[in-house]
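Trainee: Its first residue numbered 17, the sequence shown is counted upward by one per residue in the numbering used here.
Hints are computed from structural coordinates only; laboratory data are not their basis.
These numbers come from a predicted model, not from an experiment.
Take the hints with a grain of salt, since some may be wrong.
Stated by the list, open to error - Here are the simulated BS3-like cross-link-like pairs (lysine-lysine), alpha carbons at most 27 Å apart as the crow flies:
#, residue 1, residue 2
1, Lys318, Lys376
2, Lys334, Lys76
3, Lys239, Lys318
4, Lys278, Lys267
5, Lys372, Lys68
6, Lys215, Lys195
7, Lys151, Lys208
8, Lys348, Lys162
9, Lys83, Lys48
10, Lys202, Lys215
11, Lys382, Lys216
12, Lys162, Lys151
13, Lys376, Lys162
14, Lys195, Lys151
15, Lys372, Lys195
16, Lys215, Lys179
17, Lys382, Lys179
18, Lys48, Lys68
19, Lys99, Lys376
20, Lys318, Lys347
21, Lys45, Lys83
22, Lys45, Lys382
23, Lys274, Lys216
24, Lys83, Lys95
25, Lys372, Lys48
26, Lys76, Lys208
27, Lys95, Lys76
28, Lys278, Lys215
29, Lys334, Lys238
30, Lys68, Lys215
31, Lys216, Lys69
As the list claims (entries may be wrong) - For each label pair, taking beta carbons as the anchor points, the in silico distance ranges come out as:
#, residue 1, residue 2, range
32, Glu352, Leu193, 34 to 40 Å
33, Asn349, Leu193, 23 to 29 Å
34, Tyr81, Ala46, 20 to 26 Å
35, Ser148, Lys215, 43 to 49 Å
36, Arg235, Asp315, 36 to 42 Å
37, Asp325, Ser223, 26 to 32 Å
38, Lys99, Glu201, 47 to 53 Å
39, Phe144, Leu193, 37 to 43 Å
40, Thr241, Lys76, 34 to 40 Å
Glycine included, every Cβ here is placed at the ideal spot set by N, Cα and C.
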Amino acid sequence: MINVIYLVTRLMGNDGPISQAYNLATGFKAIKDVNFQIVCISNELTNRTIEKKFLDAGIKVVRMYHKGTDVIGCVKHLKAYIKENNIHIVHSSGVRPDTINALLGNCVKHITTVRSEPLRVGEKMNVFIGWSMAKLMLWSMRRMDKVIACSESLADVIRKTHKMDCVAVQNAVDIDLFKAVDADEKMAIRNKLGLPTDKKIILYLGSLIPRKNINYLVRAYKKATTDCLLVLIGDYNGAFENTYKKENDEKVLFLGQKASLKYLQCADYTISPSLSEGLPNSALESLACGVPMILSDIDPHKEIMRVGDFGVMFNAGKDENLQTALDEIAKKNHTELVNNCVEAANGRFSKYQLAKNYLKEYNAVK
Numbered sequence: 017m018i019n020v021i022y023l024v025t026r027l028m029g030n031d032g033p034i035s036q037a038y039n040l041a042t043g044f045k046a047i048k049d050v051n052f053q054i055v056c057i058s059n060e061l062t063n064r065t066i067e068k069k070f071l072d073a074g075i076k077v078v079r080m081y082h083k084g085t086d087v088i089g090c091v092k093h094l095k096a097y098i099k100e101n102n103i104h105i106v107h108s109s110g111v112r113p114d115t116i117n118a119l120l121g122n123c124v125k126h127i128t129t130v131r132s133e134p135l136r137v138g139e140k141m142n143v144f145i146g147w148s149m150a151k152l153m154l155w156s157m158r159r160m161d162k163v164i165a166c167s168e169s170l171a172d173v174i175r176k177t178h179k180m181d182c183v184a185v186q187n188a189v190d191i192d193l194f195k196a197v198d199a200d201e202k203m204a205i206r207n208k209l210g211l212p213t214d215k216k217i218i219l220y221l222g223s224l225i226p227r228k229n230i231n232y233l234v235r236a237y238k239k240a241t242t243d244c245l246l247v248l249i250g251d252y253n254g255a256f257e258n259t260y261k262k263e264n265d266e267k268v269l270f271l272g273q274k275a276s277l278k279y280l281q282c283a284d285y286t287i288s289p290s291l292s293e294g295l296p297n298s299a300l301e302s303l304a305c306g307v308p309m310i311l312s313d314i315d316p317h318k319e320i321m322r323v324g325d326f327g328v329m330f331n332a333g334k335d336e337n338l339q340t341a342l343d344e345i346a347k348k349n350h351t352e353l354v355n356n357c358v359e360a361a362n363g364r365f366s367k368y369q370l371a372k373n374y375l376k377e378y379n380a381v382k
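Using the sequences provided together with the hints, build the complete structure.
Mentor: If you want it as structure tokens, here you go:
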């Protein structure tokens with residue numbers, strides 16, 4: 017039995033890395049070789065925490081709340097817990113958890129999962145804070161026993177750009193939650209959500225940070241000749257949100273932050289014009305719901321599309337490229353695409369396969 021701590025800052029909802037932590041934890045429930053528990057090192061935000069979701073799934077959650085500046089106290093607390101509970105591996109993901117992990121010394125083995133290019137980790141912050149976070153993340157990564165990237169393409173970047181050994185374990189999807197529905201159920205969901213039943217729906221899921229390339233998507237889609245409705249769901253804020261809500265018309269609908277499952281299940285296609293990703297949760301969730309995809313031709317998207325025919329890819333540069341992609345996917349057999357998506361999600365990209373892949377990496381360092 018391998019005793020593993022998965023170290024996180026807090027269990028926040030609508031957070032991709034926490035979704036992957038949940039996938040891994042519940043995937044390990046089917047494997048008896050790992051005693052897997054979550055350790056949180058910051059206070060939960062009561063209006064955003066999904067701790068109950070973990071507890072309801074039978075996952076052990078330990079709270080070691082320390083202020084962000086109390087690094088020494090946090091490390092001491094964690095070292096004592098590691099010794100008392102015979103922990104073999106501390107697995108972390110994120111700047112603060114990785115820093116704490118790196119400072120634990122030789123009392124335990126250290127693994128990190130990297131989910132974005134380190135130099136982009138602070139892109140939502142000002143330049144100085146972003147630069148500091150990137151440097152701290154790279155410092156921590158170099159002190160790990162194993163660095164794991166969430167995609168083959170990201171692992172390749174880490175090896176080439178940062179000269180580190182890195183293996184890839186691809187992200188996964190919760191196939192017990194994200195499932196395809198039949199045509200009648202799709203229409204019933206649309207009626208409940210107030211979405212049209214007489215149009216095809218193309219769904220975008222994600223935040224409005226620059227690398228997601230939403231300016232391009234809205235501009236190019238407005239120019240395109242199509243009778244599909246583009247529905248955008250995600251983390252919008254401030255003037256950006258207000259600007260685009262004014263753009264709502266018969267072709268584009270901004271809805272703000274929503275739970276994604278039902279919108280995915282009633283969509284005909286999903287779309288991502290992103291300029292950079294790790295291995296996007298939204299694409300894997302789209303697969304599980306049997307929704308074909310229109311994806312920009314960045315390496316992580318190519319990595320998914322190499323597995324099977326799940327839709328089309330396009331260069332998200334020129335506006336007319338989106339029109340070409342819309343025309344191409346309309347010519348494909350939709351039923352075949354749906355079946356390909358579901359098959360891949362239930363196999364290669366399932367959370368149970370994720371757990372098996374991580375068990376192999378745990379055994380390699382134990």
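Trainee: Failing hints, ascending?
Mentor: 2, 7, 8, 9, 11, 14, 16, 21, 26, 30, 31, 32, 34, 36 and 40
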